[in-house]
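**Student:** Listed below, chain by chain, are the residues.
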Amino acid sequence: DQQVKQNSPSLSVQEGRISILNCDYTNSMFDYFLWYKKYPAEGPTFLISISSIKDKNEDGRFTVFLNKSAKHLSLHIVPSQPGDSAVYFCAASAKNYGQNFVFGPGTRLSVLP
Amino acid sequence: EPEVTQTPSHQVTQMGQEVILRCVPISNHLYFYWYRQILGQKVEFLVSFYNNEISEKSEIFDDQFSVERPDGSNFTLKIRSTKLEDSAMYFCASRINIPQGYTFGSGTRLTVV
Numbered sequence: 001d002q003q004v005k006q007n008s009p010s011l012s013v014q015e016g017r018i019s020i021l022n023c024d025y026t027n028s029m030f031d032y033f034l035w036y037k038k039y040p041a042e043g044p045t046f047l048i049s050i051s052s053i054k055d056k057n058e059d060g061r062f063t064v065f066l067n068k069s070a071k072h073l074s075l076h077i078v079p080s081q082p083g084d085s086a087v088y089f090c091a092a093s094a095k096n097y098g099q100n101f102v103f104g105p106g107t108r109l110s111v112l113p
Numbered sequence: 114e115p116e117v118t119q120t121p122s123h124q125v126t127q128m129g130q131e132v133i134l135r136c137v138p139i140s141n142h143l144y145f146y147w148y149r150q151i152l153g154q155k156v157e158f159l160v161s162f163y164n165n166e167i168s169e170k171s172e173i174f175d176d177q178f179s180v181e182r183p184d185g186s187n188f189t190l191k192i193r194s195t196k197l198e199d200s201a202m203y204f205c206a207s208r209i210n211i212p213q214g215y216t217f218g219s220g221t222r223l224t225v226v
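If you read the protein sequences in the order shown, they are chains A and B.
All residue numbers for the first sequence refer to the working numbering, where the first residue is 1 and numbers rise by one.
All residue numbers for the second sequence refer to the working numbering, where the first residue is 114 and numbers rise by one.
Extracted from the complex, chain B is given alone in its bound form:
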């Protein structure tokens, strides 16, 4: 069964550093998403991406965040200057069209120290 692949599975970074979280969505999917889950809290929407541009973003997705689909297969989330409160599981998801459900990746655990 097709999968959404995320790398790395765990990243530790120092506060203030930049991190890039990588995702390879399912190849024929058209809509791409990043969600995050802070430990013990609910899964929160960050950003959606369609047709090579951001279609929607939440208030969490401020100027320190950016997304890119640099080569038609990878979908990346960059956090420019990490803060302690950015520590969370970050999930990438994709779907072929609306309104089908997402396929999620297994997540990247980001720990900011």
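Chain A with its partners taken away, still in its complex shape:
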């Protein structure tokens, strides 16, 4: 049962352009969402979060958008840099589930110079 889906396993973007990573969820109880970045042989690194009371959160080059009615969130990276090349995981949690996170399968982003 995939509660958190990232339907694009990979994405390639030219340096300087916008990267848009998408995430869909099925559980309407999810109320807190995170994006993590992961380099090979390293642990996931927290990027940005959003709670269900907001529809947008911005931190530097990273913006997360939440569309609760569509159960969809997206991560925008602009401008994209080669160092952004990594696997990006969307994760969701709900108070009713002990606040443990359910991770999506990840999207591998390649930013081409």
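These are calculated hints, taken from the structure and not from any lab test.
Yeah, the Cβ is synthetic: ideal placement off N, Cα and C, and Gly gets one too.
Treat each hint with caution, since some may be false.
For lysine-lysine, the following DSS-like pairs were computed, each having C-alpha atoms within a straight-line distance of at most 25 Å [said to hold, decoys possible]: (1) B/Lys155 - A/Lys68; (2) B/Lys155 - B/Lys191; (3) A/Lys71 - B/Lys191; (4) A/Lys68 - A/Lys54; (5) A/Lys56 - A/Lys68; (6) B/Lys191 - A/Lys5; (7) B/Lys196 - A/Lys5; (8) A/Lys71 - A/Lys54; (9) B/Lys155 - B/Lys196; (10) B/Lys170 - B/Lys155; (11) B/Lys191 - B/Lys170; (12) A/Lys56 - A/Lys5.
To be clear about the criterion: a stretch of chain A counts as covered by chain B if any three or more of its residues have a C-beta under 8 Å from a C-beta of chain B, and this derived list gives those stretches [to be verified]: (13) 40-48; (14) 104-113.
Cβ pair distances, simulated, as ranges [claimed, not checked]: (15) A/Thr45 - B/Ser168: 19 to 27 Å; (16) A/Ile53 - B/Arg222: 17 to 25 Å; (17) A/Lys56 - B/Lys191: 38 to 46 Å; (18) B/Asn210 - A/Lys56: 22 to 30 Å; (19) B/Ser171 - A/Pro9: 18 to 26 Å; (20) A/Asp59 - B/Gln130: 39 to 47 Å; (21) A/Pro113 - B/Asn165: 27 to 35 Å.
Based on the hints, put chain B in the right spot on chain A.
**Tutor:** The following block gives chain B in isolation, referenced to the frame of chain A:
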């Protein structure tokens, strides 16, 4: 910046042997977690630990798994009798409170042969 430290970075063990994976969470964090990622698959929740006891565990966390916080700084995951399918990256994570995101360690790659 404070880090979650995991040791060893790579462990090879024979099937049926016991392994202990070690983690030192960030010192003022209160919630501790183990996640794992089988190669090519998504990050999966194993167990959460708060106030010196397990607060939640997944169906993956069966009787062969146990966690301990023996001395107030270390947080260990023990696998009693390893199976081939236990081969994965095991990530420890901690957070100061809910609903902040986790800080992950860099992981221990467990290979069961």
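**Student:** Next, verify each hint and record whether it holds.
**Tutor:** Results of checking the hints against the structure:
no. : hint                            : verdict
1   : B/Lys155 - A/Lys68              : holds (23 Å)
2   : B/Lys155 - B/Lys191             : holds (21 Å)
3   : A/Lys71 - B/Lys191              : violated (37 Å)
4   : A/Lys68 - A/Lys54               : holds (9 Å)
5   : A/Lys56 - A/Lys68               : holds (11 Å)
6   : B/Lys191 - A/Lys5               : violated (30 Å)
7   : B/Lys196 - A/Lys5               : violated (29 Å)
8   : A/Lys71 - A/Lys54               : holds (13 Å)
9   : B/Lys155 - B/Lys196             : holds (19 Å)
10  : B/Lys170 - B/Lys155             : holds (17 Å)
11  : B/Lys191 - B/Lys170             : holds (14 Å)
12  : A/Lys56 - A/Lys5                : holds (20 Å)
13  : 40-48                           : holds (count 6)
14  : 104-113                         : holds (count 3)
15  : A/Thr45 - B/Ser168: 19 to 27 Å  : holds (24 Å)
16  : A/Ile53 - B/Arg222: 17 to 25 Å  : violated (39 Å)
17  : A/Lys56 - B/Lys191: 38 to 46 Å  : holds (43 Å)
18  : B/Asn210 - A/Lys56: 22 to 30 Å  : holds (24 Å)
19  : B/Ser171 - A/Pro9: 18 to 26 Å   : holds (24 Å)
20  : A/Asp59 - B/Gln130: 39 to 47 Å  : holds (44 Å)
21  : A/Pro113 - B/Asn165: 27 to 35 Å : violated (50 Å)
Checked against the numbered hints given earlier, the structure breaks hints 3, 6, 7, 16, 21 and satisfies all the rest.
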